[in-house]
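Student: Residue strings, one per chain:
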Amino acid sequence: MGENANRRRCRGPACGKARRASLVSAAVAAQLTLAPIALGQQQGSTGRIPAAPSDPVKQTAIVLARELRDPSPPLSLLDFPPQDDGVAGARLAVNDNNTTGRFLKQEFTLEVVQSGAASELVSEVAKRVDGGAGFVVADTSAETVLALADALQGREALVINAGSGDDRLRGRDCRANVLHTAPSRAMLADGLAQYLVWKQWRRWVLVRGTGPADEAFAEALRRAAKRFGAKIVEERAFKVEAGSRRADGGHEQIQQQIPSFTQNAPAHDVLLVADEGGQFGEYFPYRTWDPRPVAGTQGLVPTSWHPALEQWGATQFQNRFRRLASRTMRPLDYDIWVAVRSIGEAASRAKSAAPKDLIAYLKSTDFDLAAFKGRKLTYRPWDGQLRQPILVATAKLPVTVSPQPGFLHQFSELDTLGIDKPETECRAFSP
Amino acid sequence: MQGILALSWCDRAETRGQEVAVGKWKSGAATGLTLAAWLVAAAPGGAYTVYVTNEKDNTVTIIDSSKLEAVRTVKVGQRPRGVILSKDHKWLLICASDDNNVQVFDARTMEYVKTLPSGPDPELFVLHPSGNPLYIANEDDNLVTVVDIETDKVLAEIAVGVEPEGMGMSPDGKVLVNTSETTNMAHFIDTATNATIDNVLVDSRPRVAEFTADGAQVWVSAEIGGTVTVIDAKTRKILGKVEFHIPGVNHDAIQPVGVRIAKDGKRAFVALGPANRVAVIDTATLKVEKYLLVGQRVWQLAFTPDERLLFTTNGTSNDVSVIDVEKLRVVRSIKVGRYPWGVVVAPF
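Sequence order for the protein chains is A and B.
Numbering follows the working numbering, in which position 255 of the first sequence is assigned residue number 255; successive positions increment by one, without gaps.
If you want the working numbering, it's the 1-based position in the second sequence plus 431.
Hints are computed from structural coordinates only; laboratory data are not their basis.
For each residue, glycine too, the CB sits at the ideal point set by N, CA and C.
One should not assume that every hint holds.
[What the hints assert, rightly or not] Label pairs and their computed distance ranges (CB to CB):
#, chain 1, residue 1, chain 2, residue 2, range
1, A, K231, B, A715, 54 to 64 Å
2, B, K721, A, V233, 46 to 56 Å
3, A, Q410, B, K487, 28 to 38 Å
4, B, K721, A, Q410, 51 to 61 Å
5, B, D713, A, E310, 52 to 62 Å
6, A, E219, B, A693, 53 to 63 Å
7, A, E310, B, G696, 31 to 41 Å
8, B, S764, A, E143, 56 to 66 Å
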């Protein structure tokens, strides 16, 4: 479930190259500045703000940078992403920040800047930073995260990557001015692998797509197998024949194709798919030669969020989101909510609106965030990655939450997920 | 309102010897207990009625504190959480979170009395010491709703932070403290004007606010922050923080929720959630004296009126632990319904 799986921008079969071109000119989107909640509107409401009247309201400007990407449409009609995927999460977080901020004379604004052209997106974002915005939440490709980081280098601004799970952004290509709320591929693969090992499903057949993102997720699974004592007994590459998304008919051929593709595999407990683009993985459950569960990018999936999570106070959070967006919350909404709430949390703790103070607080060991995962979330000091539990879920319900019982760690069990300090290739964060 | 179980229930204070013979108890073990068995029960202290809300079962389990046994289970509204008694102990009030109301039962008979408006998703509430009104935290709506429990009218709505939860009332009734879980504040509210006096930033996800009996301090637990903040009620300055360290327990699992402070002000008890322990704290030093191992994911706590026993709700192990307050020992665990949440003890 990497950046391509859940993070599509196109909204229907009609979406195509023409859409990208038209969006390039419409670079700057609506200003979503949200005023603090007006007090005294409800009958009997008397939430007087006690701060001294001489205190001016301190403003923190947040930019959401959206790169409009153009992936192939998903197999299922249910999987077309909503137009405001991620944006709704940002809006909810700004609302939450402002509800808190009104008690502290702090105000948060959100501006969404979007483009299909990375260079234009970067230059538009840089203009906002020149105008005083200190925080850029990026829902972009890995390359564009780096372009943003490098364009903003030396300025008092922080990029929070909420859109790319690419491990190199946390490794050899890490940047000191980038934090990551999106879980890395390694974290997702580890979260899934811990559960499979807990189930004693240790023999895996891996079916991977042929794209670079598929290979990256497959590599994360290979690493997870090695770390947690599973074995990939065979790998097979699945080549997607490019064609139209649908024809009048389809199941007849799939029903023949998938069993024969999975025939003669060595003994295995589970079949894993690495298909970040969502081009074939959904075809595997219930069609494999051997009756085995399917997991990975489809089937049982690791994810940062699930629209049906109700533990740890998440019910209220989900309700709040649904009232705002008239839909359920998706992983990208959550990752962006965490990014924007992190900024708000830093502002209330540091009691400042100066980006410099907030960035220092976000990177300090004092920072923690309550984010409906049952434990505090913090940023890893060696690569800027958010430590967080990983949900392992089917389409309808979470099945479990990793780290699993028994996977121990010297400092934090959350560091059994993803790249730990001793193995990091990131040097930008070194003291 | 739906599904109120219309069991006739003898008044246990007056006809205790007969009640078991009525045979209405859900627990098979309790059926057929004799008066003699009741007399030899080892629990210290008087005989009280303990009410436990079972969040998942939509029921209340009633425990006899002298027997330390569940004696009855009553169906209530959906997702019952916070539970308190009226000042005269006639009514049991339950936050039925998924029904978006507060349900009132006769505390002795458990007959349904009426439903109070509450605002959306009520979770915890507190009564004014005079017995009225009721202050309800609406977790879903960033509000505290003030309700007259006699006339069933909403008197006011007070805007607070995101996800209001904990509700503490000063003994003189002048100050209400509400905690907001996502804003991470304790909001001090003047009950005369319903205006916010002050907002004190505490650690992440504050769950419960509890005044000391003398009204001098407010203790606020922070579930994700893993601390309890002690605030001077007059100046709203932070006096100190209680921190917890349990050998062999991952620090992230230490998640303080329920707080109860003995009337003499010497000891505080804090439920530590998935650490499965209740911390006993010396209030003079704010140091933990002892950790008592209880059931799993312990959240809320309630003393008996004589403060000889403390009952804990253990959400994931579906039971209640009973702590002997003097000996600081867990003396019993009592099976209740699924996901026990709130607990209150009546003086009868």
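Student: Compare the structure with each hint and give your call.
Tutor: Results for each hint:
Checking the proposed 54 to 64 Å range against K231/A and A715/B shows it holds: the Cβ atoms sit about 58 Å from each other. A hinted range of 46 to 56 Å for the beta carbons of K721/B and V233/A is consistent with their spacing of about 52 Å. Between Q410/A and K487/B the CB atoms are about 36 Å apart, so this pair conforms to the stated range of 28 to 38 Å. Between K721/B and Q410/A the C-beta distance comes to about 27 Å, which lies outside the given range of 51 to 61 Å.
Between D713/B and E310/A the Cβ separation comes to about 38 Å, which falls outside the hinted range of 52 to 62 Å. Checked against the hint of 53 to 63 Å, the pair E219/A and A693/B passes, with Cβ atoms roughly 58 Å apart. A hinted range of 31 to 41 Å holds for the C-beta pair E310/A and G696/B, which are about 38 Å apart. In this structure, S764/B and E143/A meet the distance hint of 56 to 66 Å, their C-beta atoms being roughly 57 Å apart.
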